[in-house]
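Engineer: Modelling step: build the complete structure from the supplied sequences, incorporating the hints.
Each chain is listed here by its residues.
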Amino acid sequence: MAKYRVLPGPEAFLPPSAACAGVVLPDPGQGHIHGEIVHEDIAMEEAAKQLLTAKVPTIFPGPLVLWNWNEKAAKKATAIKALYDELKSHNAGALLIPMPDYRPKYPKINPEVEINPNHPNLTIWHNKIDACMFVGVHCHQANLSLKIIRGGTNCYTIAMCAQAGHEDAMLSFRDATPDKIWKLVEVVRKAKASGVYASRGGVAVSKA
Amino acid sequence: MEANTIIGTVNKKGQKIVEPEYLFFEAPRQQYFMTGSEVVREAIRRASVDISVAYPITPQSEAAAMVGDLYVEGYVGDYFRGESEFAVMSQCAGASFGGARVFTTTSGPGTLRAYENFPMWAGSRLPILINVMVRGINSPLNIQPDTLELGMILDTGMLIWHAETAQELLDYLLKGYIVAEEPDVHLPIAIVIDGFFVSHTKDMVMIPSADLALPPYNPYRSPVPCMDMEVPPVRMMRDPFVMKSNYISYATHASWQQEIRAAIERSRKHTIRLIGGLIEEENGDAEILIVSSGTAVAQGREAIRLLAEEGIRVGIVKIKTLRPFPHEEIRQATKNAKLIFVPEFNVVGWMAREIKAVIPDNHRVIDGPHVAGGMTLPPEVIVEEIKKVLAGKKEVVRG
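Which chain is which? The protein sequence lines are A and B, in order. Using the numbering used here, the first residue of the first sequence is number 1, and each one after it goes up by one. Using the numbering used here, the first residue of the second sequence is number 1, and each one after it goes up by one.
Be careful, since some hints might not be right.
[Stated by the list, open to error] The calculated lysine-lysine pairs, modelled on DSBU-like cross-linking and capped at a C-alpha distance of 35 Å, are:
(1) LYS190/A / LYS3/A
(2) LYS269/B / LYS338/B
(3) LYS269/B / LYS49/A
(4) LYS16/B / LYS72/A
(5) LYS338/B / LYS3/A
(6) LYS338/B / LYS356/B
(7) LYS16/B / LYS180/A
(8) LYS269/B / LYS3/A
(9) LYS192/A / LYS88/A
(10) LYS13/B / LYS72/A
(11) LYS269/B / LYS72/A
(12) LYS12/B / LYS75/A
(13) LYS3/A / LYS356/B
(14) LYS75/A / LYS269/B
(15) LYS183/A / LYS72/A
(16) LYS12/B / LYS72/A
(17) LYS192/A / LYS55/A
(18) LYS108/A / LYS88/A
(19) LYS335/B / LYS3/A
(20) LYS183/A / LYS269/B
(21) LYS105/A / LYS55/A
(22) LYS180/A / LYS269/B
(23) LYS108/A / LYS49/A
(24) LYS16/B / LYS75/A
[Unchecked claim] Computed footprint of chain A on chain B; a stretch qualifies when at least three of its residues, placed anywhere within it, have a C-beta under 8 Å from a C-beta of chain A:
(25) 174-185
(26) 252-260
Honestly, the hints are just simulated from the structure, not real lab data. Note that CB positions come from ideal geometry on N, CA and C, so glycine has one too.
Structural biologist: If you want it as C-alpha cells, here you go:
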C-alpha cells in the first residue's frame, strides 16, 4: 500500500487522521513536509516559500499567543506580528485572522473577524486563503482544524507547534519558542531579499 | 512551570525530583518480596500523585487502601472515597480537568459501573492513570480473576498496558504517567493486571529509592485548555457542538473521535522507548507460537519448557500493550508460524479475535485454550492443547 502523504485537499468527506495513516511526528530539531521527516531548516525554507508564493497567505494565531497569560506568550505574539508584517509588505493580500477561543459560533461565524476550529473551512473559503499557518492553538484543537481544512479545502497548512508538532498539517514544526518564530521571520526576510519570490499587485508569484 | 526547572529540587515530602529516564533506567534499585498491591503502593509513593479517589471492590481494595496510607504519610496530595465507581471516575475527571495527576483503581463489576467515564476521559484528553485488577463480572457473582472485562474496555479510547508480573506493574505504573502525559498523547491509561494472580501473590521486585520521585504533571502542556479559572484563556469548554444539528458539527465530532485514535497511535514511539517495544519474543522463529498477554504468558512460558522436554519447539510472543495494539509487530513475529495458540483467561477469546484481525492466513490461529471464572490455566492444559492439534497436523508442522 502506498505511503500516505499529507497533501492539500479537498481530500475526502471525512479524511483519515494522518497519525492513523502511518505519519509520525518529528523529533526535536526536525520538522515534516507532507508527512516526510526533514531537518528543521529545510522545513523553514519550504514554509517561507509557501507563504511568499501564496495569493492569500494567512496567519491564524490561537489563544496561547493571543492572550497575554505569560511572558513567553507575549514574546511569541511580538514575533508573530513581525512575521505578518514581512508577509504583508511582500503581498498586500496577506491576512492575520485570530482564533480567540474554541466555542462554536452560532448562528454563524464572521469569517472576516475570526476563525474557529469547529468550522475553519468557512473562514478559508470566504477569504480564498491558499496557505495558512497555525500558531498558539492547543494541539487537539489545531488537529481538528487542520483535518477539516484538508478534507474540504485546497489550502496549504503549516503548523508552528510549541509541543510535538502536527501530522495533520502539510508542514509542521515542533518546540516553537519565540526564538524559533523569529528564525522563521529571518528565513522569510532572506527569501524575500534573494529576489526569487516577487510580488505584484498583492499577488505573489515565483520566479523559480 | 517548566519541567527542567524542578529537576533536582525537593518536594514537600523530601523526595528529590529526578528525570523520569533516571528513575526508570539508572537509579539504583533494591530487591523486595511484595504482593502486587504493595507494589502499587510503592509505585504511587514515587509518582508525585496529586489526588487519588477510591472505592472498595475486590481485588483492588487492598491497593486502594494502601494508597490511603500514602496520603496519611504525605506522599499523595489528596485522597478520599467516592460514593460508587461511577462517582469515583467522575471525581477523577474533575481533578484531572483541574490539572492534577490522578490515580485510581478498579476491578470487575466496578469497572463496568464506571464504564461511561472511560470514553469521556479519553474524549476530554485526561491523562488519568487507572490500575485495573481484572476479575469476573458476570452472574453468578464471582470475585476470581477473569479477563472478560479487559476485552470490554479495549475501544474506549484509553491506552491499555497489560502487565505480566509485579515488576512490570511497578514499572508500567510509573512509565504510564510519562507516556500518557505527553502532549501529543495525553490520554487516560489503564495499567492492567490479572487480579489475585498478581495483586495478591508475592514476587521479587526491584524498586528504586523512596527518596526519588517523578516530576509533577504540568497541565499547561495539555493539548486542550486546562480548566484554570485564574489564568486566561478560560471559558473555552462551553457549548458542546454536538448539541447543534448541522453537517459541520457532525464533522467536528467525527474528527474529534479520530483525534483520540490518532493520539493512541502517537503513543507508540514514547511507549517503545520506555518499555522496550510493544511485544517480547522468545523462540520467535518457531513454527508453533503462543501469543497472549498478562499471566497467560507466564503459563505459556512454562508450557514451552515442558514441550521442549518432549522435543517440541514452541515460541512465545508476549503482547505488552493492547492499546496501541502492536499489529505490525505481531504480523512480523508470526509471519513464519504455522500454528498460533492464544491461551486466555476468559470465555470469549477476545485476544484471539484481535490477533485474527491483524494477520494474514488467520486460520493459523487456534482460539485457546480458555479458562474462565477464576480457574487457573495449568501449563499442562496448554501443552495438551498444542499436542492435540499437532496430532492432526503432523504433515504441516515440524516437531
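Engineer: Take the hints in turn and mark each one as holding or not.
Structural biologist: Hints versus structure:
{"no.": "1", "hint": "LYS190/A / LYS3/A", "result": "34 Å, holds"}
{"no.": "2", "hint": "LYS269/B / LYS338/B", "result": "30 Å, holds"}
{"no.": "3", "hint": "LYS269/B / LYS49/A", "result": "31 Å, holds"}
{"no.": "4", "hint": "LYS16/B / LYS72/A", "result": "28 Å, holds"}
{"no.": "5", "hint": "LYS338/B / LYS3/A", "result": "29 Å, holds"}
{"no.": "6", "hint": "LYS338/B / LYS356/B", "result": "14 Å, holds"}
{"no.": "7", "hint": "LYS16/B / LYS180/A", "result": "32 Å, holds"}
{"no.": "8", "hint": "LYS269/B / LYS3/A", "result": "19 Å, holds"}
{"no.": "9", "hint": "LYS192/A / LYS88/A", "result": "12 Å, holds"}
{"no.": "10", "hint": "LYS13/B / LYS72/A", "result": "31 Å, holds"}
{"no.": "11", "hint": "LYS269/B / LYS72/A", "result": "29 Å, holds"}
{"no.": "12", "hint": "LYS12/B / LYS75/A", "result": "33 Å, holds"}
{"no.": "13", "hint": "LYS3/A / LYS356/B", "result": "24 Å, holds"}
{"no.": "14", "hint": "LYS75/A / LYS269/B", "result": "32 Å, holds"}
{"no.": "15", "hint": "LYS183/A / LYS72/A", "result": "16 Å, holds"}
{"no.": "16", "hint": "LYS12/B / LYS72/A", "result": "28 Å, holds"}
{"no.": "17", "hint": "LYS192/A / LYS55/A", "result": "15 Å, holds"}
{"no.": "18", "hint": "LYS108/A / LYS88/A", "result": "28 Å, holds"}
{"no.": "19", "hint": "LYS335/B / LYS3/A", "result": "22 Å, holds"}
{"no.": "20", "hint": "LYS183/A / LYS269/B", "result": "28 Å, holds"}
{"no.": "21", "hint": "LYS105/A / LYS55/A", "result": "27 Å, holds"}
{"no.": "22", "hint": "LYS180/A / LYS269/B", "result": "25 Å, holds"}
{"no.": "23", "hint": "LYS108/A / LYS49/A", "result": "33 Å, holds"}
{"no.": "24", "hint": "LYS16/B / LYS75/A", "result": "32 Å, holds"}
{"no.": "25", "hint": "174-185", "result": "holds (count 3)"}
{"no.": "26", "hint": "252-260", "result": "holds (count 6)"}
Checked against the numbered hints given earlier, the structure satisfies every one of them.
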